[in-house]
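Asker: Those protein sequence lines, which keep their order, are chains A and B.
Residue numbering for the first sequence follows the working numbering, beginning at 615 and increasing consecutively.
Residue numbering for the second sequence follows the working numbering, beginning at 4 and increasing consecutively.
The set of hints was computed from the structure by calculation and includes no laboratory data.
Treat the hints with caution; some may be incorrect.
Said to hold, decoys possible - With a straight-line cut-off of 27 Å between C-alpha atoms, the simulated BS3-like cross-links for lysine-lysine are: (1) B:4 x A:671; (2) A:671 x A:623; (3) B:4 x A:658.
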Amino acid sequence: NAGVTQTPKFRILKIGQSMTLQCTQDMNHNYMYWYRQDPGMGLKLIYYSVGAGITDKGEVPNGYNVSRSTTEDFPLRLELAAPSQTSVYFCASSYPQQGENYGYTFGSGTRLTVV
Amino acid sequence: KQEVTQIPAALSVPEGENLVLNCSFTDSAIYNLQWFRQDPGKGLTSLLLIQSSQREQTSGRLNASLDKSSGRSTLYIAASQPGDSATYLCAVKSVSRLTFGEGTQLTVNP
Numbered sequence: 615n616a617g618v619t620q621t622p623k624f625r626i627l628k629i630g631q632s633m634t635l636q637c638t639q640d641m642n643h644n645y646m647y648w649y650r651q652d653p654g655m656g657l658k659l660i661y662y663s664v665g666a667g668i669t670d671k672g673e674v675p676n677g678y679n680v681s682r683s684t685t686e687d688f689p690l691r692l693e694l695a696a697p698s699q700t701s702v703y704f705c706a707s708s709y710p711q712q713g714e715n716y717g718y719t720f721g722s723g724t725r726l727t728v729v
Numbered sequence: 004k005q006e007v008t009q010i011p012a013a014l015s016v017p018e019g020e021n022l023v024l025n026c027s028f029t030d031s032a033i034y035n036l037q038w039f040r041q042d043p044g045k046g047l048t049s050l051l052l053i054q055s056s057q058r059e060q061t062s063g064r065l066n067a068s069l070d071k072s073s074g075r076s077t078l079y080i081a082a083s084q085p086g087d088s089a090t091y092l093c094a095v096k097s098v099s100r101l102t103f104g105e106g107t108q109l110t111v112n113p
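Whenever a hint applies, use it, and build me the whole structure from the sequences.
Answerer: Right, dumping it as structure tokens:
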């Protein structure tokens with residue numbers, strides 16, 4: 615059981631480039647999330663999904679897009695990278711039912727630098 | 004909007020000391036509260052999960068309490084060790100999302 619897997623672990627982008635951060639989970643969790651963590655700060659929610667085909671914005675969605683075509687995968691797309699998007703990105707998932715008292719499982723993160 | 008605050012932001016203690024980390028949240032309509040540990044440059048490791056109907060949870064030297072009505076949680080670490088040095092994050096689960104505090108950076112000195 616791999617849990618939540620994120621790729622790549624590290625990436626350097628030039629301003630204006632685009633990339634996709636991959637996230638996959640094998641726990642059959644309906645809920646998936648993308649967070650970013652800036653140095654010395656807590657995690658801020660970018661986007662989340664409550665199931666395949668359903669996504670919604672979190673606190674800081676600008677500059678990002680997501681899709682959820684399968685239960686397992688929840689990629690995060692950066693279209694025009696900006697220095698403000700330099701951060702560590704974490705993907706997470708949680709167990710099916712909204713309101714159930716289950717915790718979250720996190721991936722190991724993707725460290726992105728935009729220069 | 005849920006806001007989560009952790010105090011102190013940083014804490015340095017000698018090995019063997021018992022210590023308490025604090026977490027407060029503004030909206031008591033929560034499903035659960037989760038404490039995480041984060042080592043430098045690493046991901047998040049879940050330590051304890053307290054459901055909204057519970058008052059505390061224990062795992063080894065860790066004990067977490069929850070007072071939902073007052074919007075507070077504490078993480079108690081007994082007999083601290085240098086290996087406990089890390090950032091500890093508190094996160095509150097509300098409808099569809101988890102809201103994080105900014106963490107307490109703990110250093111345990113040998």
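Asker: For each hint, tell me whether it holds in the structure or not.
Answerer: Verification of the hints:
A hinted pair counts as satisfied when its Cα atoms are at most 27 Å apart, and residue 4 of chain B with residue 671 of chain A qualifies at roughly 14 Å. In summary, the hint linking residue 671 of chain A to residue 623 of chain A is supported, as the alpha carbons are separated by about 24 Å, within the 27 Å threshold. For the hint pairing residue 4 of chain B with residue 658 of chain A, the CA-to-CA distance comes to about 13 Å; that is within 27 Å, so the pair holds.
Hint violations for this structure: none, all hints satisfied.
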